[in-house]
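S.K.: Fit chains B, C and D to the given chain A structure using the hints.
As given, the protein sequences belong to chains A, B, C and D, one line each in that order.
End of the first sequence = 351 in the working numbering, gap-free, step of one.
End of the second sequence = 1217 in the working numbering, gap-free, step of one.
End of the third sequence = 2393 in the working numbering, gap-free, step of one.
End of the fourth sequence = 3163 in the working numbering, gap-free, step of one.
Please note: incorrect hints may appear among the correct ones.
[What the hints assert, rightly or not] Here are the computed lysine-lysine pairs in the DSS-like style, where the Cα-Cα straight-line distance is at most 30 Å: (1) B:K1082 with D:K3137; (2) A:K68 with A:K86; (3) C:K2203 with A:K40; (4) B:K1082 with C:K2314; (5) D:K3137 with B:K1194; (6) C:K2076 with B:K1038; (7) A:K68 with D:K3035; (8) D:K3035 with B:K1194.
[Unchecked claim] Pulled a few chain C residues facing chain A out of the computed Cβ check, cut under 8 Å: (9) M2034; (10) P2040; (11) Q2059; (12) V2061; (13) L2215.
[To be verified] Computed, partial: chain A to chain D, Cβ under 10 Å: (14) S43; (15) Q46; (16) S47; (17) L49; (18) G50; (19) W290.
FYI, nobody ran anything at the bench for these hints, they're computed from the structure.
Here a beta-carbon is modelled for each residue, glycine too, at the ideal position from N, C-alpha and C.
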Amino acid sequence: MIALLAADLPYWAQTLLRILGGLVAVLLPAGTIVYLFLFKMMSFMQSRLGPMEAGPYGSMQLFAEVGKWLQKEDITPARADRVIFKIAPLVVLASTFLLVAVVPFGPDAWFTNFEAGVFYLLAVSSVSVLGILMAGWSSANKYSLLGGLRAAGQLIAYELPMVLAVIGVIIQAGTMNLQGIVVAQNGGEIFGWNGLGNPYILTQFTGFIIFMIAVQAELTQTPFDMPIAESELVSGYMTEYSGFRFLTFFIAEFATAGVFSLIASVLFLGGWGVPFAWFDWKSIDDVSDWMNVVGPLIMFTKMMVLAFVIMWVRFSYPRFREDQLQRFAWKVLIPISLVNIMITAILKVAF
Amino acid sequence: MSSTDTPIAEIPGDTLRERIVDDLRTHIGADLVDSLVKPGDDVWVRVSTDAWRRTGVALREMGFEYFCFLSAIDWMPSPFGKGEDDPTAPPVERDDTVKQGYAGGETRLQVLARLVHPTLHVGVNIKCDVSDSEPVVESWVSVFAGANWHEREAHEMFGIGFAGHPDLRNMYLPGEFEGHPLRKDFPLLARLVKPWPGIVDVEPMPGGSNDEEGDAE
Amino acid sequence: MTSTESLIDRRQLAYIASQAADARLNVELETDGMTLNIGPQHPATHGTLRIIAHLDGEQVVWAEPSCGYMHRGYEKLTEVRTYPQVTSLVNRIDWLGSFANEVPFILAAEKLMGIEAPPRAQWIRTILFELSRIANVSLFLGDLGVQLGAITPVFMAFRDREHVLNLIEATTGGRFHPNFDRIGGLKDDLPAGFIDETRAVMKTLRNFCTEIEDLLFGNEIFQSRTRGIGVIPKDIAMQYGLSGANARASGIDWDLRRDQSLPMAWDKVDWKVWTHPDGDSFARCWIRLQEVRESTRIVDQLLDNIPAGPIMAKVPRIIKVPEGEAWVSTENPLGEMGYYVVSKGDLGPFRTKIRSASFNNISIVPWILKGVYVPDIITILASLYFILGDIDR
Amino acid sequence: MPKVPGLFKGLGVTLNTLKRTVIDGANTVQYPHEKEAPPTRARGVIALHEGNCTSCMLCVRSCPDWCIYIEGHKEMAPPRRAGGKPRQVNKLDRFDIDYALCMYCGICVDVCPFDALFWSPEYEYSEPKIADLLHDKAKLSEWMETVPEAPALEVGAEKKGKK
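Just chain A, same shape as in the assembly:
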């Protein structure tokens, strides 16, 4: 994970380190989100305590759940397309790992760091659609099919506002490199005052809101959970899955929530960084090495804040209807984000 450490190691050890790092970066947020938000916060919002038996305050509940799912029989419907049915959850999970690959966690803590980071990010985020569509189609179940098709329509509709919302950030930062965006925010200044750096949530607030709405839709969380829609489609594309394949979907759902929160914090909240002015850093080369340890913690905190908002909305809102969602995406979000891009571009030229 940490490029510094990896520099003098043999290739296999580097790979191993990266894999371990990737697992931690995906599973740790997922586990924390599930326990803290899905189990506890949701329960508290509903005047109950949530799981209390497994471990102190039910903290081991997640492991109990995983154990339960692993023991369950892996059922494949008789008329399902077996190969695709089995691959689908892995494709969805793979998308999550691909996403985390470009997220920077510290000045030197990253898996890969390449120039078209944002572009890559938006591209691979739609891989999960493929997995969902595969799952929906191959299950040989009408509910799954409807769920899969809804998911495809919805995720494509929300890809566009997401891209457009990010363009504002790219224009401001002048780079598509995620590390560059972090540096641009923390090293920036607001009207000459650099006490806070220049987190883009301030200048790109519209973009941030649109991005978060799109994330909510991308994650198929309420109010955009029509593909899952327990009360209509009985969990949609996941209907036929059981055992560890369902677990894979489950992990993917919350891991992706975590990863998208990480990405949002990188794009809009300054990522791992602290305002450089605090320590008189001028560029990324000046940043102290201890930021490689503190940076991930800062990221984690920001991620939790964003994930809290995502989950809070999820537990409070009813669900849209599919056509209303499409209308919302195409008639509201996209025009607003286009206007946002225009204004950003004009201001960029003006200043």
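M.R.: Showing chains B, C and D alone in chain A's frame:
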């Protein structure tokens, strides 16, 4: 006036409900076979089988637009009693005379419906005889759309046909089910497969089983 | 009313247009419809109702409910039971507001016998009747959220409904199936402390209503999901015999608590019958929310002046009901619940026709589901609010 | 005052509940660890006071579910007072209630003219095997210990002795 000579008719009259019966009589004429008005309570009318649908139309025109329910009554006493007979004892003799209720009747099966006037808040119970040989009456679906399910229910529970009903499938029972459960001669098996635990007699009930003098105290 | 009409027009026009478009598409692309089987085990049917929906894409071409998975044959069963035994049976019809099921049956038997419960019993009956309405409808308000994808309201409903159930249990001994009503009065009097506790609970319930209003009814997403969906015009509602909140949401100003004189205490207090002109799903849900509030008001006022006295009229110990026929219906949580009791002077009824509200309310489903989308099926079913035991009996 | 959009109000409601749960605790009860006491009138299980039962069959006959079974025989008992005549009493051989059938309507308790049946609020008697739900005389008598006193009545109630 048009009430049957039951003792209840002696209670001071209810002009509103009697007017309803009169109104209906002007609409359907002699097809209104019998009627009973319980002042302040309810109205029962019995119409001839042929006029069943016409009655529905007439009442709707009179403002009884609210369809409450449609069902049927089997007036034959059940040959099985309450299923509390001792299977070892000789079979119990039961009275099997068919005796109809309010507004009279001639057949064992009767269709019963209720319509309500939404602003006067007065209801009318309409009955009509259904012949045993050909238990068919006209359907009300074209008059009150809501009668659809009620007629299906009456069809499967009593075996009454509704001419003109679009779709007389069974609602509750499987399609190939034989018999009409709510007819009295259809046995309630749950009460027949197991002997009544109360048959065992240790001592007669205190004060005898026909003790009706005691109060609730 | 004009807005309602225009809504229906728009809906029908949209439906016809989509049909035409689909017909063209079908010729070109040879797509055919899909039959979606919703239920018998499906979260939206909260019970075992099955809806066979023929879909074109996500639009319903026709839908046909198929019930009877829970038919328990109560009309037949009443024929082999005595009058006191029947009450323990009928309170299982609408199991969420079970005390309300007993009342019309007992009233019908009392009508045949020509007796009337003493005032104190009438008062307590009315209080328990309204409590069971609150228990029933508050769960509807929570369940509505779940049907539309919001998970939190249902827990709030269970949380606050619990207090109401506790009150019912403390009084009657049964949380769900009180079997407390007797011919001529009630089984027992109220336990000490009931009045104060009930007052506190009514306050909680009013808070709950406000919470649900903020959480759900005020939510723009909820409104966009329910407004204009499943519009039932007045005359159609009449024809199908819709009752209760469903009828009142279509603008029919009719509440059996107000519009008929029963030996109950509703006419002794001040309350309001809410109606809504729209007839759509939102109107139906909104009416129910207001009804819970009115019920808490009714209970509060009734608690102020429960008359002292006996709770049982003088009735023979072994109850034989004189020959005759009687129809009594009351405004139950789900709508008009009535019993047509035919007595032949026996220990038990000769025939009981149970007119349950949900049977009529749900019979409109084939008509109303034409041309809606799959998510709207759920909205409409949720807003019509049925209980399976009440459909199948 | 400008109207707060419903979306934000909704968020406020859930946040308030969260706050309340954290500060005041949850509304739920952690069942096996803490138990709520059911009210005294709760219909949990039927207890039998064997000495009072005369096996009159009234409960059996009024049970809508046919779930009570009584068998008994007549027996001569010693006289109550010295020098009196021996009395004939009904001896109870069997008194079973099948809780798998019982629908807890309470009619048997109501009709019992000799105060032999009582409601107990006890509810923890589930069994892994359905046949074990048939409680016999001995088990029904054990429940007698858990029968509470009848609760006091609300003001305005007519004083009425337990019949």
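S.K.: Going through the numbered hints above, which ones does this structure break? Give me the numbers in ascending order.
M.R.: 8, 10, 11, 12, 19
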